[in-house]
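Peer 1: With chain A's structure known, arrange chains B and C on it following the hints.
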Amino acid sequence: MTFLSLSHIQKSFGQVQVVSDFNMEIEKGEFVSFLGPSGCGKTTVLRMIAGFETPSGGTITVAGKDQSGLKPNQRNIGMVFQAYALFPNMNVFDNVAFGLKVAGRSKPEIEARVKEMLGLIKLEHLAERFPYQLSGGQQQRVALARALAPKPQVLLLDEPLSALDAKIRVSLREEIRMIQQQLGITTVFVTHDQEEALSISDRIVVMNAGAADQIGAPAEIYNRPATRFVASFVGTLNLIEAKVIDPVANRISIGDQGVTLREPLGPVKAGDTVSLALRPEAGSIAEGAKGDTALAGEVVSSNFLGSVVRTRMRVGASVISFDMFNSPGLRPPAVGETVTLRFTASDLLIIRD
Amino acid sequence: MNRALHTLRQRLPLTWLGLMPFVIFVLMFLVLPTMHIVIGAFQTRDGTFTLQNIIDLNTGTIPSSYWISVKISVASAALGSLIGFAMAAAVVFEAVPRWIKSPLLTFSGVASNFAGVPLAFAFLATFGPVGLVTLFLRNNFGIVLQRDFGFNILSFWGLTVTYLFFQIPLMILIIAPALEGLRREWREAASILGATGLQYWRMVALPILFPSLLGTFALLFANAFGAVATAIALTGSSLNIVPIQLFAQIRGDVLGNPNLGYAMAFGMIVITAVANVLYIWLRMRAERWLK
Amino acid sequence: MSVWARIAGWAALIFGLLYFFVPLGGLFEFSLRARRGVYSFDAYARVLADPQFQATFTYSVVMALVTIAIGILIVVPTAFWVRLKMPWARPYVEFLTLLPLVIPAIVIVFGYIRLYNTSSWLPLTGSTLGTNILLAFGYTILALPYMYRAVDTGLRTIDVATLTEAAQSLGAGWATILGRIILPNVIAAVLSGAFLTFAIVIGEFTLAALLDRPAFGPYLQRIGANKAYEPFALSVIAFAITWGCLALIQLVSRFQKTAPAKA
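Residue numbers (UniProt numbering), protein chains in the order written: chain A, 1 to 353; chain B, 1 to 291; chain C, 1 to 263.
Just chain A, with the same shape it has in the complex (with noise of 0.2 Å):
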C-alpha cells in the first residue's frame, strides 16, 4: 500500500528547472534512497516532501493526505539534516524534547518519550551533554532521536553521514537501518554515495538531471542498470564497445574476438556498434576458471587495493578492468603479458540509453 506518493513533482528556481516530472510510490516502513551526484534534484525533493520548498507542480501526499499548502511545522514528518543542526543552546534531552515541547505535551509524557529515544540511540549517559561537547557520530545520533521523538510518519535523512569519518559512517548506517526497521517508520534517505544506498536500502532510486534514472531493489540497480548513467554511477564498471557481426545469433566482436549474448540485442544490423557493461569482479584469469566466454588481452596495467587487485588489459580498442581477490600467495599478472578472463555471457550487459 503506497504510503508516501509524488506524482508528477517539479520544481524550477527561475529559469532553471531542478527537478523535472518526478514520480515514487513509497510503502509503509519502507526505506527507500535517492541516490545521485549533487545538483541532481535529490536534495530538492526531500525538500519538497519537508515543506522547505514548493513544488512547481505535481502532488505530494502522505498517508492520502495532500500536503500541498501545508506549512513544515503542520506535516508531522521528522528530517535529520548533513550538518546535525542540533540546537546549541540546548542540551541532549532538551534537543530531543524539543519536538514534544511544541506540541505542548506533559512533562512526565515528555521524560518518557526521551528517555525512550535516548535508550535507542544508546546515550543516555549524555543527556545533560550540550551539542558542542559531543563528537560528530554522537551529534547526528541525537539528530535522529530528535527527528523520532514526535513519532514522525515519515523520517526524511539529508545526506546524514557526510560530515562523519569513515569509520563511524559504516557503523551509524547499520544504526540507522536498524532503528528504522525495529520502529517500521517510512524512510527516505539522501545521497551521493553509492555504497551507503546499496547497503541500508530496501529500494534505490537513482537521479540524474531532476528525474528518476532507475528506481529498484539494490541488487537489480546494481545488476541491471538500466541506463549507461545508473551503469557508471553505482559500482565500477567496465564500458565496452562491440560490434555487431550476426543480430540474429547475438553474435558481436570485442576487437576481433567473438562472443555471443544471452540477451537479444534487439533492433540491430550487422556493423552496428553496441555498448556493453561488465563489472570487474564478474571474471577471472585463475586457471581452470569457469565461464562460457573468454577474452584475451594485454595486461596495461595492475593496481593493489587492499582486498581486491585490480588489473586493466586491452582489448581491440576497449581497455577492461577485472579484480582479483588478494591472498598472500596471489600473483598478479605483469604488465605486458597476455592473460585471458573468462566470465559467463550472461554477465555482459547491453547498455541502451
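For the record, the hints were derived by calculation from the structure and aren't laboratory data. The structure presented is a predicted model; accordingly, all values stated were derived computationally and were not measured. Where a beta carbon is used, it is the ideal one built from N, C-alpha and C, also for glycine. Hints should not be assumed to be uniformly reliable.
Unchecked claim - Derived coverage of chain C by chain B (criterion: at least 3 residues anywhere in the stretch with Cβ under 8 Å from a Cβ of chain B; other residues may be distant):
1. 2-8
2. 18-29
3. 76-82
4. 98-111
Peer 2: Just chains B and C, lined up with the frame of chain A:
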C-alpha cells in the same frame, strides 16, 4: 666561535628584546598613568593607604553624576541595541534587498567612530531650539518639541539621542555577524519539529543570540560611559555626568581634593572595565556555541 | 518571508537611515544660515579666514602625521616580531592594544598630567615641546587598537616567516627586511590604520583640551560657545575630513590583495 655564540643565545634567549620598545611605550603611556590614578585613589595626600576617597565618592554631587551617567549609558545602549538589532536583522534576513547589506556595514564602521565635538553640533543643528527638525515640526505640524514633549537637546534625552548616532552603527557592526551565525538548518529543524516562527525565536534563536546581545549591550554601555567630548560640547557643564565632572576636576580641582578626583576616575575605569570584561566573556560563550 | 517581516525590515532600515542622515543634513543646512534669509557660505568664509582656525588646524594635521609615524614605528615591528618569533605572546600583546578601548581617554590623560608634571621624574608637561610629545604619544595610544588590528590583519595575509627567511638568505638585515620587505607588503593595512588615526586625531578633544594644546578639537568647542554659525561650518569640515579618511580606507582595502589567511 660561532658555536659559542649559538649556545650563549640559547642560554639567554633574546627574542623578547624585540618586544621591548612596544612594552616600554605601553607601560609608560598607558599602564603606568592608569596605575598612578588607581593607586592614588587609595592614598591620602601624603601617600598613606586609605579607603576614604572611595567612601567620599558618596558625597556631594558625585553619586548623582554617576547615576545620571549610568542612566544615559543604559538608555543609549538599550535603544541603540534595539534599533541596531532591528536594522541588522532587516539586512541579514533579507527583508530588504541584498545589496543594501555591504554599504550599510561599511557605513556603520564609519559612523560608529563618530563621537566627538562635530557630532554634538550636528544634533544641535538638527534638534536644537532652531534646528532643522525642530523648525520643521513647528512650522508644519505645530509641534514644539520643548513644550509638547519636554525635549531639550541639552538634557538627559538630548544626550541619549545624540549618543545613539554612534551606538546604533556599533550595534549593527557587532550583531550582524552573530545574526549571520544563526544557521538556516536550526530554523528548518525547529519548523519540521512542529515549532512556529515565534517558538523558534523564543526557544532557539534568542537564547543563542542572548550572550551576543548582552555582551554588545555591555560594550555599548562602556562606549557611552566614556564619551567625553560629545557631552562637553553639547551641554557644556549644564548636565552633571561623570566625564564632565572629572573634566572640571582635572582642569581646576573643583572637588578640592586631588585624590578624590583619582577615586572618580577609578570608578570610571571600574565601570567600563566590568562592562568590557562582561562583553569579552559573553562573546567567548557565544563563540563556543557558534563553533 | 511574510509581508509583515518585510514591512518591519524596511521600517527599521528607513528609520536608521533617517537617523544617520538627518543630523548631517541639519548640520549642513544650519551652517549655511549665516546670512539672514538666504543660504550662503559666509560662515565657511569667515572660518577659513580665521587665523586661529588655520593655526589649530595645521597643528592638528601635524600632530596626526606625527602620531601616524610613531604608530607605524611602534606597531609594525612589534606585530611583525610577534608573528615571527613569539606567537605565544600574541594574546597578551593584543590585550594590551585593546586596553585603550577599556580605559577612558580622560583617565589616561589624567594620569599623564599627574605622572609627567613639572615636579616629576620626567617633566614632559613642563615645556611646550614636552607637552606636544606627550600629546602625540597619547594619540598613539588612542589609535593603538585600530592600528595594531589593521597591521596584524595585513600580516596574516602574507607568509611572514618565509619572506623573512628568503630575505635573510639573500643577506638582508632586520632594517632591510622590515623596511623593504614587510612594510611594502602590508602597506595597504598600514594606510588604513593611518587614515583612521588621522580621522581620530583631527577632531580629538579630550587629550588636547586637558593638556592645553591649541588643537582643532578644543578650538571647535571653544568657538561653539562664542559664535553662532561658525562652529557648524567647522563641524561640516571636520565631518568631511573624517568621511574622506574613511572613504580612503575603503578604497585602500579594495586594493589589498586577498590572499588566503595563514596562521
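Peer 1: Could you run down the list of hints and mark each one as holding or not?
Peer 2: For each hint, the structure was consulted:
no.	hint	result
1	2-8	holds (count 3)
2	18-29	holds (count 9)
3	76-82	holds (count 4)
4	98-111	holds (count 13)
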